[in-house]
Amino acid sequence: MEKIQVGLATIEWLELDQTWVNKPMGKGDFDIQGVCDKFRVTTLDGLNMVFGIIRWPANKPEVGYITHSSGELKYERLTSAGRLGIFDKTHGDESVWSFELRVMKFGEAQTQPTLKQATLKDLDGLLEGQSALELLKKHGAENVGKRIELAPAEVGNRPNELFVTTKARNNDLIAVGFTLTRVLAIMKDFGK
Amino acid sequence: MAAAEIRLITEDSVADVAGVIFATSKEFGQELGNIVNLHFLSLGKMAWFSELRSRRKKEGKGDYKDPLDIRFLLFESSAPESPLPSAIPGFSDGWKDEADLLRRKLNSWMHYSLEPDLDTLEDILTVMSTLAQMSGLSLLKEIAKQMHRIHEIRNGWKPEVPGPQEPQSPEVEAFVSEVKVKKDRIFARPPVGSVWNGPIGSRVIELNKNLRDALEDGVSVAHEMGPNGKEKVREWLRYFPQGGDIRVSDDGAVMGYIKGVPILIGWFGEEPDVNPDDIRGYYLPHDYEFTGSDVKDLQTGSLLSESAKEDTKEFVKLLASSLTQGQIFNVTTYGDVVHESDAKEDLIKLTRIHKDIWFSGQLA
Numbered sequence: 001m002e003k004i005q006v007g008l009a010t011i012e013w014l015e016l017d018q019t020w021v022n023k024p025m026g027k028g029d030f031d032i033q034g035v036c037d038k039f040r041v042t043t044l045d046g047l048n049m050v051f052g053i054i055r056w057p058a059n060k061p062e063v064g065y066i067t068h069s070s071g072e073l074k075y076e077r078l079t080s081a082g083r084l085g086i087f088d089k090t091h092g093d094e095s096v097w098s099f100e101l102r103v104m105k106f107g108e109a110q111t112q113p114t115l116k117q118a119t120l121k122d123l124d125g126l127l128e129g130q131s132a133l134e135l136l137k138k139h140g141a142e143n144v145g146k147r148i149e150l151a152p153a154e155v156g157n158r159p160n161e162l163f164v165t166t167k168a169r170n171n172d173l174i175a176v177g178f179t180l181t182r183v184l185a186i187m188k189d190f191g192k
Numbered sequence: 001m002a003a004a005e006i007r008l009i010t011e012d013s014v015a016d017v018a019g020v021i022f023a024t025s026k027e028f029g030q031e032l033g034n035i036v037n038l039h040f041l042s043l044g045k046m047a048w049f050s051e052l053r054s055r056r057k058k059e060g061k062g063d064y065k066d067p068l069d070i071r072f073l074l075f076e077s078s079a080p081e082s083p084l085p086s087a088i089p090g091f092s093d094g095w096k097d098e099a100d101l102l103r104r105k106l107n108s109w110m111h112y113s114l115e116p117d118l119d120t121l122e123d124i125l126t127v128m129s130t131l132a133q134m135s136g137l138s139l140l141k142e143i144a145k146q147m148h149r150i151h152e153i154r155n156g157w158k159p160e161v162p163g164p165q166e167p168q169s170p171e172v173e174a175f176v177s178e179v180k181v182k183k184d185r186i187f188a189r190p191p192v193g194s195v196w197n198g199p200i201g202s203r204v205i206e207l208n209k210n211l212r213d214a215l216e217d218g219v220s221v222a223h224e225m226g227p228n229g230k231e232k233v234r235e236w237l238r239y240f241p242q243g244g245d246i247r248v249s250d251d252g253a254v255m256g257y258i259k260g261v262p263i264l265i266g267w268f269g270e271e272p273d274v275n276p277d278d279i280r281g282y283y284l285p286h287d288y289e290f291t292g293s294d295v296k297d298l299q300t301g302s303l304l305s306e307s308a309k310e311d312t313k314e315f316v317k318l319l320a321s322s323l324t325q326g327q328i329f330n331v332t333t334y335g336d337v338v339h340e341s342d343a344k345e346d347l348i349k350l351t352r353i354h355k356d357i358w359f360s361g362q363l364a
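Line by line, the protein sequences are chains A and B. Numbering-wise, the numbering used here puts 110 at position 110 of the first sequence, and it's gapless, one number per residue. Numbering-wise, the numbering used here puts 223 at position 223 of the second sequence, and it's gapless, one number per residue.
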């Protein structure tokens, strides 16, 4: 598979459909077995980190950290935080995946970045002149907007989050969204 | 007739332990054998031994040339329709059971399957002592002295004048030499789960517990071990369950650090230069009985089905194809499952098991 460029980061697909045993995000007290598609993210500042898109038998898919071999200390945050949950809905015969584009942001009082609400303008600023919207559309985003507009029935407690929908199993878009909002945000010290 | 005096053990060494076991076994055979011989002679059965040898030969059993050989006496005492029990003072079903136990222990000892230490010596002497007591053998006093000395050594006793030991018999020397070879082999290639004594491998890979996989720069290396590579990796996780960096040495030994100590957690592929039929290591200090549908630890009384972490059905099925209900077997420190052949001379390896399908805490 071709590598995907996201600003100063590069995504490379590794092995697909690998066994993954862990607790699903926010669920369960015990490990269960899922399936994982692995991708590597490298950056110009020396990060080499591997993540996985994990599909569970009865829980929502997610993106999580697997391993890393190099990178600045600030990226260590991604070993324990920044997991991305994916909503998996079926409309008629079609399955749709969607996710929030929350971004890893440094705060004045915080030494560690945490996930915060973002705008497309924020994301543009992480992309060296590239348009975030165009990048997302290029990789299969069907809708990009506020969560309350795209999923009014399921806004949860974050109706104004930037939200994106795509067809189910569109791994490229998931990896792009994750890299943009997690890896590049930390690389650029977003919020500082 | 009083038993000959047996040199008391002076230290917990292979030579001393072997020396006492050989000497006591010999004295046991001589004293009991003489009693048996006198019994048959008093009945006018001058050719009793040659007649027994002929019968054994016909039955395809091992031959013994000496009626005073302890192994012969122990075998015959439990053989159906053997006249020997009638010549043994104090013989009973209990005597027969103890004799069978002693025979198995001595057989395992001669196959280097028992750790040559004070515990093994005490274990063997305890059974000999029971038999000597039941038959009123004078050897009982000699055994009691050895047991007392074992107790003293454990409490720090040392010879007043350490000096050169008396020369050992050729059979003890040969035994000690074999034991040394075995100990060296165990040191160089310890059981999986033990401290690794060899050179630390230079290839560093990551054992990832979530992926159940071994990674190098994020990519699986399991395929390098062939089609069953991922199975191998899962075996490593039994000994390194949290995962993390592990090292692979040139000969394929895979080790991980646990609390700063390098532990052998498996092999990258097959362990080299190992005959799969070889029985490795020493017996765990337990005897196990196959119940027909389970395994019973005869020392603790616990059942395998209630103790093992993983499912044991396949293992029990394998046992059922080789053992009959009530048969006793042993397991070595390497997990080799061993039982005596029908001829009761050889030891046969049935399979190798790992710690999670065995009694909790018994295998490394």
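Some clues are possibly wrong.
[As the list claims (entries may be wrong)] A short, non-exhaustive set of chain A residues, derived as facing chain B with CB atoms under 7 Å:
#1 21
#2 69
#3 70
The hints are simulated quantities; they were obtained by calculation from the structure and are not laboratory data. Note that beta-carbon positions come from the ideal geometry of N, C-alpha and C, so glycine has one too.
Next on the checklist: Restraint: residue 21(A) near chain B, CB-CB cut 7 Å. Satisfied or not?
Outcome noted: Where the cut-off is 7 Å and the nearest Cβ of chain B is about 6 Å from residue 21(A), the hint holds.
Checklist entry - Would the hint on residue 69(A) stand, with a C-beta cut-off of 7 Å toward chain B? => result Since the shortest Cβ distance to chain B is 6 Å, the answer is holds.
Item to check | Interface hint outcome for residue 70(A) [beta carbon to chain B under 7 Å] | outcome: Not OK, violated: residue 70(A) not within 7 Å of chain B, min 9 Å.
Violated hints amount to a single one, hint 3; each of the other numbered hints is respected by the structure.
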